[in-house]
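Protein chains: 2
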Amino acid sequence: MGENILGAIDETIHAKVRLGIMSLLTVHGECDFVFLRNELQLTEGNLGNHIRVLEEAGYIEVTKTFVGKRPKTSCKSTDLGTGMFQQYLEGLEKIIRMAQSGKPEL
Amino acid sequence: MGENILGAIDETIHAKVRLGIMSLLTVHGECDFVFLRNELQLTEGNLGNHIRVLEEAGYIEVTKTFVGKRPKTSCKSTDLGTGMFQQYLEGLEKIIRMAQSGKPEL
Numbered sequence: 001m002g003e004n005i006l007g008a009i010d011e012t013i014h015a016k017v018r019l020g021i022m023s024l025l026t027v028h029g030e031c032d033f034v035f036l037r038n039e040l041q042l043t044e045g046n047l048g049n050h051i052r053v054l055e056e057a058g059y060i061e062v063t064k065t066f067v068g069k070r071p072k073t074s075c076k077s078t079d080l081g082t083g084m085f086q087q088y089l090e091g092l093e094k095i096i097r098m099a100q101s102g103k104p105e106l
Numbered sequence: 001m002g003e004n005i006l007g008a009i010d011e012t013i014h015a016k017v018r019l020g021i022m023s024l025l026t027v028h029g030e031c032d033f034v035f036l037r038n039e040l041q042l043t044e045g046n047l048g049n050h051i052r053v054l055e056e057a058g059y060i061e062v063t064k065t066f067v068g069k070r071p072k073t074s075c076k077s078t079d080l081g082t083g084m085f086q087q088y089l090e091g092l093e094k095i096i097r098m099a100q101s102g103k104p105e106l
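So the protein lines, in turn, are chains A and B.
In terms of my numbering, the first sequence opens at residue 1 and continues consecutively.
In terms of my numbering, the second sequence opens at residue 1 and continues consecutively.
So that you can see chain A by itself, here it is in the shape it has in the complex (with noise of 0.2 Å):
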């Protein structure tokens, strides 16, 4: 199974938090750090730290600039995290395909 199945989840991504992150990003496009904060019910601490991840990671692209007097950090997926999520997001369906079926062939 370690390959069959598990090896389709991405530690990366599969971090409950990280998962919030890719979803919203996948579904809203570029998001702005405060929105992620107020939907994850985050720390800021706690929402830059999963950020970073994503980011070393190059699965997101983070932009820093000022409205106003104002410091705005905004996130969006590059290719390569769309992809990522979307292989993730398969790997998943698997999972539950095999779990409601209870057949462990895929």
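Check before you lean on any hint, since a few could be wrong.
Because identical chains cannot be distinguished in the list, a pair is counted as satisfied if it fits within a single copy or across any two copies.
[Unchecked claim] SDA-like mimics (lysine to any residue), calculated; alpha carbons at most 25 Å apart, straight line:
#1 LYS103 <-> GLY83
#2 LYS16 <-> ASN49
#3 LYS103 <-> ASP32
#4 LYS64 <-> GLU90
#5 LYS16 <-> THR26
#6 LYS94 <-> PHE66
#7 LYS16 <-> THR82
#8 LYS69 <-> GLU93
#9 LYS16 <-> LEU40
#10 LYS72 <-> GLN100
#11 LYS72 <-> GLN86
#12 LYS72 <-> LEU42
#13 LYS94 <-> ALA15
#14 LYS103 <-> ASN38
#15 LYS103 <-> GLN86
#16 LYS76 <-> ARG97
#17 LYS103 <-> LEU6
#18 LYS16 <-> GLU30
#19 LYS103 <-> ARG37
#20 LYS94 <-> ASP10
#21 LYS103 <-> GLU55
#22 LYS103 <-> SER74
It is worth saying that the hints were derived from the structure and are not from the lab.
Guided by the hints, dock chain B onto chain A, whose structure is given.
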């Protein structure tokens, strides 16, 4: 989103290895330790830790017996575990549908 979507993601099940254990128990029914270890390609210690988490949550039942002189450890999902896993899978399905349709409303 915290409550709406990620709220359905039970961390007791979500960890990759525990997701694997619950999937295997759902598909195969009662499984012995050696089978789980081989399927998931884990060390004894690592698998043992994750089994303990699931057992302490009341999601699985662990039985230790002897086959001749060899100890044999078997695991099976409890009614609680089966229900929680089903709920977890439904939560994941919602996230997948949302991400693939690109619509935040479910």
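Are the CA atoms of LYS103 and GLY83 at most 25 Å apart within a copy, between copies, both, or neither? Between copies only: 18 Å across, 28 Å inside.
Which holds for LYS16 with ASN49 at a C-alpha limit of 25 Å: within a copy, between copies, both or neither? Answer is both; intra-copy 13 Å and inter-copy 20 Å each pass.
Should LYS72 paired with LEU42 be assigned to within, between, both, or neither, using CA atoms and 25 Å as the limit? Within one copy only: 17 Å inside, 43 Å across.
Since the copies are identical, ignore which copy is meant and state whether LYS103 and ARG37 lie within 25 Å (CA to CA) inside a copy, between copies, both or neither. Answer is between: at 19 Å across copies they meet the 25 Å cutoff, but 39 Å inside does not.
Checking LYS69 and GLU93: alpha-carbon separation at most 25 Å within a copy, between copies, both or neither? neither (45 Å within a copy, 42 Å between copies)
Can you tell me if LYS72 and GLN86 fall within 25 Å by alpha carbon in one copy, between copies, both or neither? Answer is neither; intra-copy 28 Å and inter-copy 40 Å both fail.
Tell me, please, which holds for LYS103 and SER74 at an alpha-carbon limit of 25 Å: within, between, both or neither? Close across copies (20 Å), not inside one copy (43 Å); limit 25 Å.
Indicate which option fits the pair LYS94, ALA15 if close means a Cα-Cα distance not exceeding 25 Å: within, between, both or neither. both (18 Å within a copy, 17 Å between copies)
Go through the copies and call it for LYS103 and GLU55: within, between, both or neither, with a Cα cutoff of 25 Å. Answer is between: at 24 Å across copies they meet the 25 Å cutoff, but 37 Å inside does not.
Identical-chain pair category, LYS76 with ARG97, by Cα at 25 Å: This pair counts as between: shortest inter-copy Cα distance 20 Å, intra-copy 30 Å.
If the cutoff is 25 Å on CA atoms, where do LYS16 and GLU30 land: within, between, both or neither? Let me know, please. For LYS16 and GLU30, the Cα distance is within 25 Å only inside one copy (20 Å; across copies 28 Å).
Identical-chain pair category, LYS94 with PHE66, by Cα at 25 Å: neither (43 Å within a copy, 35 Å between copies)
In summary, the structure is inconsistent with hints 4, 6, 8, 10, 11 from the numbered list given earlier, while agreeing with the others.
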